[in-house]
Amino acid sequence: MKWFKKDVKEKMPGQSEAVTRGLLIFADTGSVMQAEQILKEESYDIKVVSPPAKYRSGCDLCVEFPLVEEPGIARLLKQIGLPPIDVLPVSKNGLEPLRLCRTKDFGNYLMVRSANMKITIDKKTKRIVNISGGGCPDVPYLACQMVGRVLAESPEPVMIGFSLCAYSLNTAREEMLKIAGGEDASSGRPHTH
Amino acid sequence: MLLLVGPIPIRDLPFSLGHVEFTGEGFRVDSQLLDVNRGTAAMMSAAYSICQEFGLESPMGAVAGDIGTRAGSVKIYDYLANNLELEDVSVLTLHYIMPDIARNKNFLKELNALDKRPILIADAGAMYVAKAGGDAGYYDVFTPDLGEMAFLADERAVHPTYTRGFISDLEDDVPELVRRAFASNNAARTLFVKGKVDYICQDGKILETIDQPNIEALEPIGGTGDMITGMISGLIYAGKSPVEACRIAGRVNRKAGELSQPTPATQVKDIIKFIPAALKEVLG
Chain S
1 MKWFKKDVKE
11 KMPGQSEAVT
21 RGLLIFADTG
31 SVMQAEQILK
41 EESYDIKVVS
51 PPAKYRSGCD
61 LCVEFPLVEE
71 PGIARLLKQI
81 GLPPIDVLPV
91 SKNGLEPLRL
101 CRTKDFGNYL
111 MVRSANMKIT
121 IDKKTKRIVN
131 ISGGGCPDVP
141 YLACQMVGRV
151 LAESPEPVMI
161 GFSLCAYSLN
171 TAREEMLKIA
181 GGEDASSGRP
191 HTH
Chain W
1 MLLLVGPIPI
11 RDLPFSLGHV
21 EFTGEGFRVD
31 SQLLDVNRGT
41 AAMMSAAYSI
51 CQEFGLESPM
61 GAVAGDIGTR
71 AGSVKIYDYL
81 ANNLELEDVS
91 VLTLHYIMPD
101 IARNKNFLKE
111 LNALDKRPIL
121 IADAGAMYVA
131 KAGGDAGYYD
141 VFTPDLGEMA
151 FLADERAVHP
161 TYTRGFISDL
171 EDDVPELVRR
181 AFASNNAART
191 LFVKGKVDYI
201 CQDGKILETI
211 DQPNIEALEP
221 IGGTGDMITG
231 MISGLIYAGK
241 SPVEACRIAG
251 RVNRKAGELS
261 QPTPATQVKD
271 IIKFIPAALK
281 EVLG
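Chains as they are written, first to last, in this note's numbering: chain S, 1 to 193; chain W, 1 to 284.
Isolated chain S (complex conformation):
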């Protein structure tokens, strides 16, 4: 908790609004995605947003969380070995990842797109037949791991990927699971949007 309270006192220049939310900054996007999954499972009111400019490399996320929940969040992240590298107070919401999905029906196949990522399944077999779009180097890796697998049994991109493209592909996969009529058998947890 020490790390956190020190930062709360350091208000940003010109900041006058009430500080009710904080940002958890992690070393890499993969850690953010894991932390998001775990904190959501624990029902924390969190969301992933774009980090402040000084932490940006071009493919980044951080976790926005309610300040009042700090003790429990800090303890949980420490227990699971995902401590943030920094914590900042914020007074207004940052840019949020696009979670809008578009679907396209190709007859025997169905495609879902989220941001720049597309996933396509064979409607009959529910197997993933293609993954396209994206630009980060884990996209071809994710395609290798997921194409040919049954959708519900395919790995979750946020668990094996590292980038914002993996995050968008995860959103598309979740939407496809909802549309294709099956709960995610691999995780057993509800999908949130």
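Errors might be hidden in some of the hints.
[Claimed, not checked] In silico lysine-lysine, DSSO-like type, Cα no more than 27 Å apart, as pairs:
hint, chain 1, residue 1, chain 2, residue 2
1, S, 126, W, 196
2, S, 124, W, 196
3, W, 105, S, 54
4, W, 109, W, 75
These aren't lab readings, by the way, just hints derived from the structure by calculation. Source: prediction; values computed, not measured.
Chain W: place on chain S using the hints.
Coordinates of chain W only, in the frame set by chain S:
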């Protein structure tokens, strides 16, 4: 020299530099035998095909293993920043690299210090980092799809995942996206916008659209965009202007798709093999 650069999704693959060669099993860079698949591999394969058809020297490839951990991307950024002056590069294409604004700016600084600057083409992560860093103006050609075009048009987004909803909703209005991207200096001089209708743009003006043959099944196939980027690279290396290269590549891509009789389950390597036949048809 045509230099093609990008990570390969193999953990711990060392940095390799060498002419791209094809074998019956895949393609080779230096001593590394790699599968022809989406991403950098598809881009290199398509560029190689074009070079073969024009009787040109095989492209040089610079690859390193990266599954998203940045390890291979860092090696590639460092290679570009430290070794470019040693190579006689006339066309340089960067692809699925993990965005790293600081490292990319370092590379661009070295590039601009060269006596003769190569034509610079970027797609995928290399295009994202160029835009996120405010450096799009250094590039000659970008090849975005519609989602990426919306990203270029959103002056606040640092990655396509952060494109704001009201701009994402403009995807059916490509001219407006192009206008916004150029107005905010977030576009390369030449754009090839990939979609149901392809748009070829230069200096903010839409010069041409391509919509035939319309092969719906190409959209879900991973790697077809990479294939276009590779063909544009090869065609510019063959002496075509960026706009002419886009005109030819857009048509060859659609023709190769048609010849492959694809379904949404087709893999890109089964389309790339039709590039020579498609090129012959397009060039008459």
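query: Hint numbers the structure violates, sorted upward?
result: Violated hints: none at all, because every hint is consistent with the structure.
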